[in-house]
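**Student:** Chains as they are written, first to last, in our numbering: chain A, -8 to 223; chain B, 577 to 1406; chain C, 27 to 320.
A hint or two may mislead.
[To be verified] With a straight-line cut-off of 25 Å between C-alpha atoms, the simulated PhoX-like cross-links for lysine-lysine are:
{"no.": "1", "chain 1": "C", "residue 1": "K201", "chain 2": "A", "residue 2": "K105"}
{"no.": "2", "chain 1": "B", "residue 1": "K1026", "chain 2": "C", "residue 2": "K201"}
{"no.": "3", "chain 1": "C", "residue 1": "K201", "chain 2": "B", "residue 2": "K767"}
{"no.": "4", "chain 1": "C", "residue 1": "K306", "chain 2": "A", "residue 2": "K127"}
{"no.": "5", "chain 1": "B", "residue 1": "K1253", "chain 2": "B", "residue 2": "K744"}
No wet-lab data here; the hints were simulated from the structure.
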Amino acid sequence: MSTAVTHRPMDAAVIAARNREDIVVGNEIIRHNRASRLIHWSVAVTFFLCLFTGMPIWTPVFGWMAYLFGGLSVCRVIHPYIGIAFFIFSIAMFFQWISDMHFRDDERGWLGPKLMTYMRYETDDSQTGKYNGGQKLLFWAVSLGALGLLLSGLVMWFPRAFPPILIEFSFLLHDVTFILFVVAIVFHIYLGTAAEPGTFGSMTRGTVTRTWARLHHGRWYREVTGDDSRRA
Amino acid sequence: MASLAATFGRGAMTNGWCDIKNADVILAMGGNPAENHPVGFKWFIEAKKTRNAKLVVCDPRFTRTASNADLYAPVRPGSDIAFLLGIIRYAIENKRYHEDYVKIHTNGPLLINAAYKFDEDGGVFSGFDQAGGSYNKDSWTYQLDAKGFAKSDPTLQDPNCVFQLLKKHVARYTPEMVERVCGTPKDKFLKVCEIVTSTYPASKAGTITYALGWTQHSTGVQIIRAAAMLQLLLGNVGRPGGGVNAFRGHSNIQGATDMAGTFEILPGYLAVPTGNLTTLKEYIEAKTPKPLTEHSMNYWQNYDKFMVSLLKATYAKHATKQNDYGYDWLPKVDGNYSWMYICDDMYRGNSTRAGGKEPGPEGMLAFGMNPVGLGPNSKKWIAALAKLKWLVVVENVEAETAAFWKAPKEYDTPDAAQIQTEVYQLPATDFAEKDGTFTNSARWMQWKWKAVDPPGQAKSDQEIIARIFLAVRDLYVKEGGQLPEAVLNVDWSYSNPVAPDLSEALKEINGRALEDQHDPKDKNKIIKPAGEQLDNFGQLQADGTTMCGNWLHLGCYTSAGNMAQRRSGVDDPTGLGMYHNWGFSWPANRRIMYNRASADAEGKPWDRTRPGIWWNGEKWVGDVPDMKPDAPPGTFGAFIMLPEGLGRLFSAAVADGPFPEHYEAIEAPIVNPLHPKMTSNPVSKKFSSDKDLYGKKEDYPITATTYRLTEQFHYWTRHQLHGVLNELQPGFFVEIPEGLAKEKGIDNGSKVKVTTARGSIEGVAMVTKRIGPMTIDGKPLWYIGFPIHWGFTGPEKHRGPLANAMTPSAMDANTWTPEYKAFLVKIEKA
Amino acid sequence: MASQNLEIRRSSASVLGSLSGLRVVPTVSKYIDTTTCIGCKACEAACVEWNDTGRIGTQQTGSYQTLPTLHAQFWNLIRFNEKEFDGGIVWLMRKDQCMHCDEPGCLAACPAPGAIVQYANGIVDVNPDQCIGCGYCETGCPFDVPRFHPTTGKMAKCTLCVDRVSVGLEPACIKACPTGCLQFGTKDDMVALGNARVAQLKANGFQQAVLYNPEGVHGTGVVTVLAHGDHPDWYNLPADPHVPWGVKFWKRLLRPIGVIAIFGAVVGAFAHYTKYGPKKVQGADDSDRNIPVA
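So that you can see chain A by itself, here it is in the shape it has in the complex:
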């Protein structure tokens, strides 16, 4: 059986999104250029590899995950190396995005009740820039988490080199960090897919629709499009 391959001309938006972002191409706005997306997915993939190799070590409840990699001893061997890779990609991501991640004064509330308000879809995002407070929060949490996982992980990797009390502390730090990390990531994924349709494309094609941008990131939309007709 053979199928003729149809060559379609490349989508202009996709081509533009290789190198540029925050520009309008047709009906779409380029949100993440290729580098951003590559870094994000590198972090994501290494994170999940760490997760699936680490969870069976953490508790036998997830012991079945080990078989995805050929057993627990394989997990034990590769987990720290992937962890290092995860941390390196996290650093890259950190510097890639840090400039957009400074909290503005009106975003302070995201640390508390605003998050819940957001989840009830009750926030007005017309003044939201490229990233809302929740996203910034996640950015900082993930960056700190990556650092925490690295440091505690190194101690656990080379227990002989550290005092027992530090090793014990590292166990706890690694655990707490990764649990919070996972919970955050579950919601990150949920929001990025099912809860907020149209979001996922920003990490695949790199683009979002104008409507999406206007809805979720009003200020960013205006800055990118120069359209301020919907001043609130």
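On the provided structure of chain A, position chains B and C as indicated by the hints.
**Tutor:** What follows is chains B and C alone, placed relative to chain A:
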């Protein structure tokens, strides 16, 4: 062992390993049994656990034994006599001695020649011959009555009785003097005295254990004498839980000594004849003692039976009454042939005994002996071997002696090309590669079975000896020579003459009847038909109708079979650990020697819970009695091998005095506080070659001692190819007290250099609290120690310096044992 | 790991052991009397020989102690300590090895199912087949016992000679001990022996003597008589050993909470979706610029 023979009559551990569990008090001194006899040490632990026995350890170092002690007291190396005489003084002054025992079982009541005296100022006994460096013992004798028996004062009051003389002799050894000489704090010393003398009541028993820490001094024999005397005073000899227990350094050194291990004895401690005794009759007369008391059993009166039976075992049909049973063929010695003197002769190239007129030895056969490693003054040994024409070494590894010519330069080894000595090494077997017996410290002869075949061309000891003997005999047959009979007439009728079966040899040692033996009471009754193995040494005859290779071992292979193979570890009706059906214990399967002394004058045990033997109205029962079994109490004294029949508090059988006296080591760290005019033992021996260098305290202010470690066996473990022992104690070290290390800037684990008058060695410093600082005669004195196990052969990683490159060739006057345990050094960072 | 036919009481990273309840096996224990130990190292040699752990290179560094600490190929080490006491010194020797805790911290910390097991008789053993060499047992152990083989990365420690014990022999170290300071038997017997010895020591003036059988780990399968019970550190023993709080906290609290939290997050997201649905641009397409926002 010379001192125990001089005191009790036989030169061996009086009791046994298992018997130590019966002690109330154990004094471990001059030995480190936990280190060197760890398996036997279980009986110390047993006593501690089951009897709540007190273990007192007196040692220069806080040893592995001390770690288990109830009381530890430090003693300066080489000051043991002062310490022990201090305890004796304490016992006498405080009436803490077993008076009844002293009166019945010791020579305490006997009166001594009025001419005997000890010069407290000059530090010598009467009869000292300055020029000869020896004593004329004429004044060290008993006052005799008309019958030739020693006079006695049963009340112990006569100023010339042994007890009073002893009291006077030890009066100088006050606790203050002990502290001055030994460095033992007075309160610690008094505590030791109190515990050790607590066994003086009849209901108590205590033992003293020692090993080479006493033997290897220029005063070694007298140290042991002091301990033996203390045990006699406390009434502890001959009793379960008592005795003076000498721990031997090798598994079979007791057996080797029994079988003529040194040059001056024949098997069974019969004397090697000397040139002045030209006939057997003269020899027997000279060697058979006369009884000195009317109750003396004087067992050596049977000397002729032992000797003739030995000659019959040696020459068999060639030994006849007409030819003195071949007495003429025995070599007659003309002086000292102990190994130290042989070394001296080798080195100087002539014989001192012949006044330097005869050449020294041209060759040497070192059979299972490694003199370069174990002898003192290693450099002299190497230089001496380099002068030989040939050297045959029988060893299972290539040890220092066979490899002397490739010793490192620091031993002043001549260039190998200049050494003309032809060296042959005959590969020998290990203990597990041959049958045979071990006779342990407790005189238990135990047969062992070969476990594995020897590797390569290694041959058993008996095969090596047999092949050499047969080759030499062939030469005499072919070429003749001087006195060929001495070789040609030796009986060699083994089934396999090239490799005699050792059970045949053991049968020969035990002896058999050569003609029918008749009952003395009924001449028609044959009690032992010709050809049958003998059962006890009462069956030996002086008429050539019995043969016996070693009268003392008689009973090891009787008509009932090989007794050394018995292994009943359960038959112990007394519960005292005697196990009469385990192996064979010489003499006569007796487990505790002198056991007659375990009972009082009536034959009742001093302590009913720990009886040795007792008189049941008809005979002695219990252990095998060290007594004529049917002789009622009062007939004979308890020490049947001595002409007095009594244990000797005063003994003229020792070369350096009838009583022990404290002398400093040959390399003395201080002037003797007791008699500054005589610091060291005036009769101990030194050599005078250019290699025999002795240090002075001004140049070498620190005392050193040497010792062994549990993990290593002599010079052998180092050669181990497999196994882990080398890793457990991986290298040579020098134990240094913390204070001295601080003074010299030495860190633990760093390299140090130890120097004596004879050279230097280097090793790892082990800085420890276990060797305390000591105040001697008012001044601080340091001492250090190091183990002996290393040398320049074996796997590279496990080599190390020879400790004996440091030790001097200074010797005891009785046994010619070198003084390994106290000598002078200096120490610095390497 | 040498015994296949012993029932397992507890197994790492597993909820249940394999106790059938049909066979009743007494808990076993070693007995170490430090007051009658002479530090002869026969136990060290016997351990190496029986377990074929091979020769490791040692160096004389200024101590009678064979190695500074335990090693993956050296499971039995006499620790030598010199301490000043009562105006003099004491030279303490204690045989160090796995203590076979009743509540083994190594087993608690071990993430690999079945890598560390506790048999019905109390022996704690490692199964190298399952061991992933993560090192958590090292952290879990309050006695600093587990070690990792330099080439295989597997944990190794004293097995209490389970291969010998399971066929009715005593452990090799016990067999080799010349003084009897090492004994082996049921835990009850060994505790009785130890208590009797402690009573004797107390009567002899060692008021501080104790039988070291620490409660913090519910007792150990190695009971040790100490003359200086007030100074367990003199013997390199912890005063109050217990499974580290970090390990307990992790295993007992954080792990269930974490599992719940993770599943909770997933369930929460679902619940959120069912309640709120997707956040969509309402009724408009992309070209509409005038969409009112909620």
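**Student:** If a hint holds in the structure, say so; if it does not, say that too.
**Tutor:** Each hint, compared with the structure:
1. K201(C) to K105(A): Distance ~72 Å between K201(C) and K105(A) Cα, so the pair is violated.
2. K1026(B) to K201(C): Since the Cα atoms of K1026(B) and K201(C) sit roughly 22 Å apart, the hinted pair holds (cutoff 25 Å).
3. K201(C) to K767(B): Violated, at about 37 Å.
4. K306(C) to K127(A): holds (22 Å)
5. K1253(B) to K744(B): With a Cα-Cα distance of about 20 Å, the restraint between K1253(B) and K744(B) holds, given a limit of 25 Å.
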